[in-house]
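Chemist: Residues per chain are reported as follows:
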Amino acid sequence: MSAVAPGGEELLAVRDLRVVFPGTRPEDAAVTGVSFAMNPGQTLGLVGESGSGKSTACLAIMGLLARGATVTGSITFRGTELVGLPERRLRPLRGKDIGLVYQDPMAALNPVKTIGAQLREPLRLHLGMSRKQADERAVELLDRVGIDAPRDKLRSFPHEFSGGMRQRVVIAMAVSCNPTLLIADEPTTALDVSVQAQVLELLSDLTTDLGIGLLIVSHDLSVVAGLADDVAVMRHGSVVEYGSVHQVFQRPAHPYTRDLLAVVRELEGDPVDAGGRP
Amino acid sequence: MTAEVAGAVPRPDRHRRRLDVGGALVCGASILLVLAVVGAGLLTRYNPTEIVGTARSAPSSAHLFGTDQLGRDVFARTLFGGQQTLTIAALSTLLATVVGVPIGLFAGYVGGLRAGVSMRVMDVLLAFPGILLALIIITIGGTGRGSAILAVGISFVPVFARVVYGSTQRARAEEYIAAAKVVGCSSLRIMVRHVLPVVLIEVVVLASSAIGWTTLLSASLNFLGFGVAPPTAEWGADLGAGTRYIAQAWWISAAPGLAVTLTILLSNFLGDYFAKRLSAPRADVVAATPTELAAAPAAELTTPRGT
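In order, the protein sequences belong to chains R and F.
Be aware that the first sequence starts at 3, since it is given in the numbering used here, and climbs by one per residue.
Be aware that the second sequence starts at 4, since it is given in the numbering used here, and climbs by one per residue.
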């Protein structure tokens, strides 16, 4: 059973998505027959081991796959078909209606541009703000994501920030134009364990407060369990199990999901292995 | 939850920046050289094109660098000659930058067939030795200063295009460029606003070194007689004129020769200095510093070495 009511005003609906990269055989498609759907304001977790096609599916939604990748199937965002949409029509959606939080905040910020310049860009581009207005909004955003003395930080460069702060900046950028969908691709993987929980809490708070639909991609079941309403488990490019968090985690139907859960429980149940290391 | 962000990371690079003696010397010497050439009229009372003494008289207190084959003051000619040489060098470097950087940026970012074609054209130009290419352009455009600037500038376009092409390709693979795309930037905007600032660091380094190469090339053209017309003083031209008297009056060639050498040396050092100074703050390298500082007990940091 799908957790999304059919016929409702869906935020994002992916149907039978298939991605084939150039130079590979069609039967080696990176993503095959993936379908899932999200209602506005809902959080969907996409879990699976690395190489299962989670990130490829996300990039396909944003239209960011490398040239030559063949995408078939359907991705509708608020009723607009994104597959085959020309770059010119995709651009106004990116950064405005759909925000993306990258895995590695070290790499996602331009090292030679100030935090302020990078925050202002989407605001000026999509909302037509003046530099002054954009500065004000940037300060608000930095404050909202929990950065102290935000006004002073506008002139800082990314290397002056810690990883957790940088990820907060990336999140601030992603939500700056009030998107309806936020895609977070492994948002905590590159962060220290102590910072991970804070960033997840921030994501959860922001999406709840602002009514943003969150598509969170992770290989970490506990991340998804804490945030998501629905879960899609991916393996070898296809969705093997899909349903509400409760359903999937309490009564996993697919053997692979059971295996994944078993691993987590084993780790949690064994203090020597889970927390024994310094 | 804001505890982690509350302690703002100190600016480690600013704390740790020491006075770079070598860099200060190079910058100072370069500024002095340019000032001496620009203010040539203030440093010598002689007119560079006027005969002021006996021909080929050795350096003396009256004529610091001696006089040339016609009896003109070599010191004055070297100072004023720099105005010609350095103007040609600076303008041709500017030309090479303004033309080469957009070609490399475009080809590096867009890729595909168009990039292939434009870079192959650059490779063909690069395959010619600089002086030969410059001579071909002089043959078409005629002699004179404007022509020399054009010739030297065009010879260096492929150098700039190549370097920028390479670093643009590298930058394009960076996640922050993809992130700019995610923000909704057009390709042109990404090239100009996101890639160019990154690439510009290398352009500054290259351009400061290129001043030396263009100085050499423009002096060479003048040496061969394809630049400014006599009696205008110019390093290459004066050096060439002095070669006939090198056995009797070495100073006629030596002074402009040393000036060219000094310019090339300074330009290379300046390039190295900028390369060191402007290298992009590397997140992964710098990020370790505040943590190290925080981890080390304060006493350890303040204890003098060896105690």
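Hint data in this document are derived by calculation from the structure and do not stem from the laboratory.
Take these hints with a grain of salt, some might be off.
[As the list claims (entries may be wrong)] With a cut-off of at most 25 Å between alpha-carbon atoms, the simulated SDA-like pairs for lysine to any residue come out as follows:
#1 R:K115 to R:G86
#2 R:K115 to F:Y276
#3 F:K279 to F:L28
#4 R:K134 to F:L28
#5 R:K98 to F:I193
[Claimed, not checked] For each label pair, taking beta carbons as the anchor points, the in silico distance ranges come out as:
#6 F:S190 to R:E138: 55 to 61 Å
#7 F:D126 to R:A255: 58 to 64 Å
#8 F:D126 to R:V266: 54 to 60 Å
#9 F:A232 to R:R69: 51 to 57 Å
#10 F:A27 to R:A151: 30 to 36 Å
The structure displayed is predicted, hence computed values, not measured ones.
Glycine included, C-beta positions come from ideal geometry on N, C-alpha and C.
Chemist: Under the criterion that the straight-line Cα-Cα distance not exceed 25 Å, is the pair K134 (chain R), L28 (chain F) satisfied?
Modeler: Since the Cα atoms of K134 (chain R) and L28 (chain F) sit roughly 41 Å apart, the hinted pair is violated (cutoff 25 Å).
Chemist: If you check the beta carbons of A27 (chain F) and A151 (chain R), does the distance land in 30 to 36 Å?
Modeler: Holds, since A27 (chain F) and A151 (chain R) (Cβ atoms, about 34 Å apart) stay within the stated range.
Chemist: Given the hint of 58 to 64 Å, is the C-beta distance from D126 (chain F) to A255 (chain R) inside that range or not?
Modeler: holds (60 Å)
Chemist: Given the hint that K98 (chain R) pairs with I193 (chain F), does the C-alpha gap stay at or below 25 Å?
Modeler: Holds: K98 (chain R) and I193 (chain F) sit about 17 Å apart, inside 25 Å.
Chemist: If you draw a straight line from the CA of K115 (chain R) to the CA of G86 (chain R), is it 25 Å or shorter?
Modeler: violated (33 Å)
Chemist: CB of D126 (chain F) to CB of V266 (chain R), is that within 54 to 60 Å?
Modeler: Given range 54 to 60 Å: holds, Cβ gap about 56 Å.
Chemist: Does the structure keep K115 (chain R) and Y276 (chain F) at a Cα separation of 25 Å or less?
Modeler: holds (22 Å)
Chemist: Take a quick look at whether K279 (chain F) and L28 (chain F) sit within 25 Å of each other, Cα to Cα.
Modeler: holds (15 Å)
Chemist: May I ask you to test the hint 55 to 61 Å on the CB atoms belonging to S190 (chain F) and E138 (chain R)?
Modeler: violated (30 Å)
Chemist: Are A232 (chain F) and R69 (chain R) spaced within 51 to 57 Å by their CB atoms?
Modeler: holds (54 Å)
The structure is inconsistent with the numbered hints 1, 4 and 6, although it conforms to all the rest.
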